[in-house]
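K.L.:
As a plain string of letters, each chain reads:
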Amino acid sequence: MRPMPGNAAERGYALSEVSCDALLREFRKDFRIFAPVRLEGRGRFSDTDMVRYGEIRNFREMELREKSLFSPKEVLFPPSETLFHFAETGVREPSLLREDGKGLLVLLRACDIAGVDRLDAIFLGNGPEKDPYYEARRKRVVFALIECGPLGASRSGSFGSCFCVSMGTNRASGYALVLRPEDDGLSLFLEDPAFAAYLPPDAVRTSYAPSFPLEDPFPVRVPDPGDMSRAVREESLFSAAFWKDYDSRCIACGRCNTVCPTCSCFTTYDVTYEENASAGERRRVWAGCHVDRFTDMAGGHRFREKYGARMRFKTMHKIHDFHLRFGRHMCVGCGRCDDACPEYISFAACIDRVSRVVDAAASTGGDDHDAR
Amino acid sequence: MPRDIVRKKITKNAYRITSKRAETCLRVRVPGGHLDACLLDVVRSIAERFGDGTVHLTTRQGFEIPGIPWERMAEVNKAVRPLLEALEVPLGVTFVDLDGGYPGAGTRNISACIGNRVCPFANYDTTALAGRIEAAVFPHDFHVKIAVTGCPNDCIKAHMQDFGIIGQAMVEQDASRCIGCEACAKNCLKRVTGAISMKNNRAVRDPRRCIGCGECVLVCPTGAWSRDPRKYFRMVILGRTGKKNPRMAATFLEWADEEVVLTVLRNCYAFIDAHIDRSLPKEHLGYIVDRAGWPAFREAVLQGVSLDPPLRVAETLEFSGYFYERDRVFR
Ligand code: HEM
Ligand code: SF4
Ligand code: SF4
Ligand code: SF4
Ligand code: SF4
Ligand code: SF4
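Protein chains in written order, with the working numbering: chain A, 1 to 372; chain B, 373 to 703.
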């Protein structure tokens, strides 16, 4: 334990790998820690690694230099989750809703903090009911920001697809600390001075202060949602020819949905146990609007059979519909959908295509819009 | 041309009898079929200085350099040295005389599909395994054909070899990541063996049907499937083309690790030595096994192999091939 630091300029520290482990040990008394981890040999292709979120115990387990393929949303909203168990005698809810366990310290990047904000809108701020499962986890979460630096972590490799600056999510707030990986250990910035209590005695004071990305590798022109609405009303956007490209390019695999920090759709189903059909559980699992059966309804009706229509629907949700309801774009520009698409479809490029159609509509639009 | 050529000696030195009496042809081996591009210059210079200026690309991923006058063999052997130093010595192959050319040619080049250095389907680095096999079996005078391939697509045609090594992925599922999208089940049914069925909205794999291709890992959108990083191989054996009874190789081992593969390959030479028909100029392993019997072969090659799971050993070999009993087919 060390005394609280005085002024804001003195909140930078250098920690060796050994003292990082000491810091994590202290944190673990109060928190479970979730960070990107490298699962060796578990990547899609043989002899490649998977980087995704996992619970960590020590510094070595964290992978802070690569963007995780899957987003941190799974810490708050797991791919598959049992909502309750049922039997003839009644229903049992998971302990999650009853116990108030340790905090959840989540290490994540600026775009991902914005991603959690979008999940908050859907699970906590969309109508009178809050999602109790999401809320039970969310209220325990503390953010630790992984610094991307002025040009992004490197703007190559997995960061080559980032467009957070274009989406305005390059700067975050609401985090307790900032981490930057160094050759030996970490640079650390205490945004919340209360966290000084966890610092090991050998943490060295430095002038470190975090910086944020200022430029995207490929800047994306994000259309104004109002202009988009108008292009929809004037029937130029939905009928735009480029959507049809995706009819044949997209294979409806759903990876763009599963890796996205803000895709929050799910479906639920009941399972009854083979040995006892009167007992079972209700599960909810991620659903994705690119995947078959997403629109299945009573009577066998389904919408958006064509994959281009699914791409359009996703695009509208990410940069238009959500904005109309919540006043900010759903997409946070993390670029994961571009990284994951096996058909090399770029969502960022799709946004640019939308912009071109919307611009064209604006330039030929009626007089009533000229004053705008 | 020289008056006297010891045919058996030059064959072991990787030269061959050709249809032109004054000329020979050098076989260059490229274990694993992948080489630094600069070595093509060495091949080119041998062909232009000593041969007729042409090179033949063989099915086994070697080069044949034709049109070499017999009397220039010693010079050619010296010129081959950079190839030995780049392609064989780093693998651990040892040479009595690095200026003496290839010390053997019976056991053919270990060929490999392009493997996971490029191909997304491959379950391992095929060229690297081919190199370790080369170190284990080269040089050897017995005629043995070995090829390694990354997955059951078998692009190297491992099924046409005495020993074909096919990469197997031991796929594992994190059930808590399965969202029931059915991508893996549909794909396995349409493209592979239908080893995955859906149960309670989750994918369930039938290990008896799974051939370890790894496609489910490729298609799963949540990463629920992944490969056990340990490498496993299916070994198919005694496939062949040829004039007597062409046939596809049959599965001998499943879920063998690399040590098992190398041990079986090393063991086959003692079996050949004990049973080969020495009245013939050469006899292919498959025909030797046809005469000496499958149980004897099986026992010989499994010497020293621990048969612990997940390794599975075939009880019988199911060949699909044909005989040239022409009057049975043509009346
Ligand atoms: C013409 C007839 C119907 C139409 C057009 C219709 C349309 C819809 C639509 C658009 C949804 C939303 C789907 C989604 O958000 O994924 C929905 C959900 C639902 N409908 Fe219908 N529906 C019809 C008949 C019925 C009937 C007859 C029932 C029950 C007897 C029913 C029960 C439900 C339920 C329970 C849901 C919620 C399902 C869920 O959230 O997963 N619907 N319906
Ligand atoms: S749509 Fe793509 S870029 Fe936008 S938040 Fe989702 S994964 Fe990231
Ligand atoms: S509708 Fe599609 S784009 Fe929108 S949150 Fe759901 S899965 Fe994601
Ligand atoms: S990842 Fe690409 S191919 Fe798959 S559903 Fe999304 S856009 Fe289509
Ligand atoms: S490894 Fe291949 S055969 Fe086995 S379950 Fe997966 S897709 Fe099917
Ligand atoms: S592809 Fe993955 S998520 Fe989809 S059913 Fe198979 S295991 Fe489950």
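Fair warning: there could be bad hints in the mix.
[What the hints assert, rightly or not] Computed from the model, here is a short list of chain B residues facing chain A with C-beta under 8 Å:
| id | residue |
| --- | --- |
| 1 | M445 |
| 2 | P593 |
| 3 | T594 |
Rather than coming from a laboratory, the hints here were simulated on the basis of the structure. Yeah, the Cβ is synthetic: ideal placement off N, Cα and C, and Gly gets one too.
K.L.:
Run every hint past the structure and note whether it holds.
P.N.:
So, going through the hints one by one against the coordinates:
1. About 42 Å separates the beta-carbon of M445 of chain B from the nearest beta-carbon of chain A, more than 8 Å, and the hint is not met.
2. Proximity of P593 of chain B to chain A holds as hinted, the smallest CB-CB distance being about 4 Å (cut-off 8 Å).
3. A hinted interface residue such as T594 of chain B counts as satisfied when its beta carbon comes closer than 8 Å to some beta carbon of chain A; here the least separation is about 5 Å, so the hint holds.
When each numbered hint is compared with the structure, a violation occurs for hint 1 only.
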